[in-house]
Amino acid sequence: MANGILVVDDAAFMRMMIRDVLTKNGYEVLGEAENGQKAIEKYKELKPDLVIMDITMPEVDGIQAVKEIKASDPNAKVVMCSAMGQQAMVIEAIQAGARDFIVKPFQADRVIEAVKKVLG
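What the sequence shown shows, in this note's numbering, is residues 1 to 120, in sequence order.
Simulated from the structure, these hints should not be mistaken for laboratory data. A hint or two may mislead.
With a cut-off of at most 25 Å between alpha-carbon atoms, the simulated DSS-like pairs for lysine-lysine come out as follows [what the hints assert, rightly or not]:
{"no.": "1", "residue 1": "K67", "residue 2": "K38"}
{"no.": "2", "residue 1": "K24", "residue 2": "K117"}
{"no.": "3", "residue 1": "K67", "residue 2": "K24"}
{"no.": "4", "residue 1": "K116", "residue 2": "K24"}
{"no.": "5", "residue 1": "K44", "residue 2": "K116"}
{"no.": "6", "residue 1": "K117", "residue 2": "K104"}
{"no.": "7", "residue 1": "K44", "residue 2": "K67"}
{"no.": "8", "residue 1": "K38", "residue 2": "K70"}
{"no.": "9", "residue 1": "K67", "residue 2": "K47"}
{"no.": "10", "residue 1": "K24", "residue 2": "K70"}
{"no.": "11", "residue 1": "K67", "residue 2": "K104"}
{"no.": "12", "residue 1": "K116", "residue 2": "K42"}
{"no.": "13", "residue 1": "K44", "residue 2": "K117"}
{"no.": "14", "residue 1": "K47", "residue 2": "K117"}
{"no.": "15", "residue 1": "K24", "residue 2": "K104"}
{"no.": "16", "residue 1": "K24", "residue 2": "K47"}
{"no.": "17", "residue 1": "K70", "residue 2": "K44"}
FRET-style restraints, in silico, Cβ to Cβ [said to hold, decoys possible]:
{"no.": "18", "residue 1": "P58", "residue 2": "G26", "range": "23 to 33 Å"}
{"no.": "19", "residue 1": "E41", "residue 2": "N75", "range": "14 to 24 Å"}
{"no.": "20", "residue 1": "M84", "residue 2": "K44", "range": "16 to 26 Å"}
{"no.": "21", "residue 1": "G26", "residue 2": "E59", "range": "11 to 21 Å"}
Even for Gly, the Cβ is constructed at its ideal location relative to N, Cα and C.
Please take these sequences and the hints and turn them into a complete structure.
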């Protein structure tokens with residue numbers, strides 16, 4: 001069975017690109033969210049195998065969302081996405097429980113490498 005993934009990014013274009021990379025590589029995108037608050041709600045509803053989440057988003061940012069998702073499910077697997085120059089935020093995200101990160105603009109093979117690494 002395909003691994004179910006939740007894609008979270010405030011930019012619809014980025015969600016579409018990530019979804020495209022994942023589906024072409026045999027992964028199933030269970031849902032999408034445009035901010036951290038919706039990501040938390042969707043996580044509880046969909047119970048995905050993995051979340052790919054942007055760090056900087058409106059309402060609730062990716063770091064706060066990781067903390068809340070991990071609080072509700074300590075086994076949650078999250079890969080963060082961040083733009084160049086956000087190293088401090090990436091470190092904070094890893095400390096909050098993210099398993100890996102992808103730097104934007106990303107290469108398709110880097111996305112798949114992170115997904116495979118985290119899902120095993």
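Query raised in the report: Within a Cα-Cα threshold of 25 Å, do K44 and K116 meet the stated pairing?
Result: 23 Å, holds
Query raised in the report: Quick one, are K67 and K104 close enough, alpha carbons at most 25 Å?
Result: Holds, because 22 Å separates the two Cα atoms, which is no more than 25 Å.
**Report entry** Restraint check for K70 with K44, where alpha carbons must lie at most 25 Å apart
**Finding:** Holds - the C-alpha atoms of K44 and K70 are around 11 Å apart, at most 25 Å.
Query - Pair hint K116 and K42, alpha-carbon separation not exceeding 25 Å - result: Given pair K116, K42 holds - Cα atoms ~22 Å apart, limit 25 Å.
Requested in this report: Starting from K44, check that the Cα of K67 is at most 25 Å away, please.
Outcome: 14 Å, holds
Query raised in the report: Do the beta carbons of P58 and G26 sit within 23 to 33 Å of each other?
Result: 32 Å, holds
Query - Restraint status (C-alpha distance of K67 to K24 at most 25 Å) - result: Roughly 30 Å separates the two Cα atoms, so the pair is violated.
Query raised in the report: Is K24 close enough to K47, meaning Cα to Cα at most 25 Å?
Result: 22 Å, holds
Query raised in the report: Can the restraint linking K24 and K104 be considered satisfied, given a maximum Cα separation of 25 Å?
Result: Given pair K24, K104 holds - Cα atoms ~19 Å apart, limit 25 Å.
Query raised in the report: Is K24 close enough to K70, meaning Cα to Cα at most 25 Å?
Result: With Cα atoms ~28 Å apart, K24 and K70 exceed 25 Å; violated.
Requested in this report: Can you let me know if the beta-carbon spacing of M84 and K44 is within 16 to 26 Å?
Outcome: Violated - the Cβ-Cβ distance for M84 and K44, about 32 Å, lies outside 16 to 26 Å.
Query raised in the report: Between K117 and K104, is the straight-line Cα distance small enough, at 25 Å or below?
Result: Status holds; Cα separation ~18 Å.
In summary, the structure is inconsistent with hints 3, 10, 20, 21 from the numbered list given earlier, while agreeing with the others.
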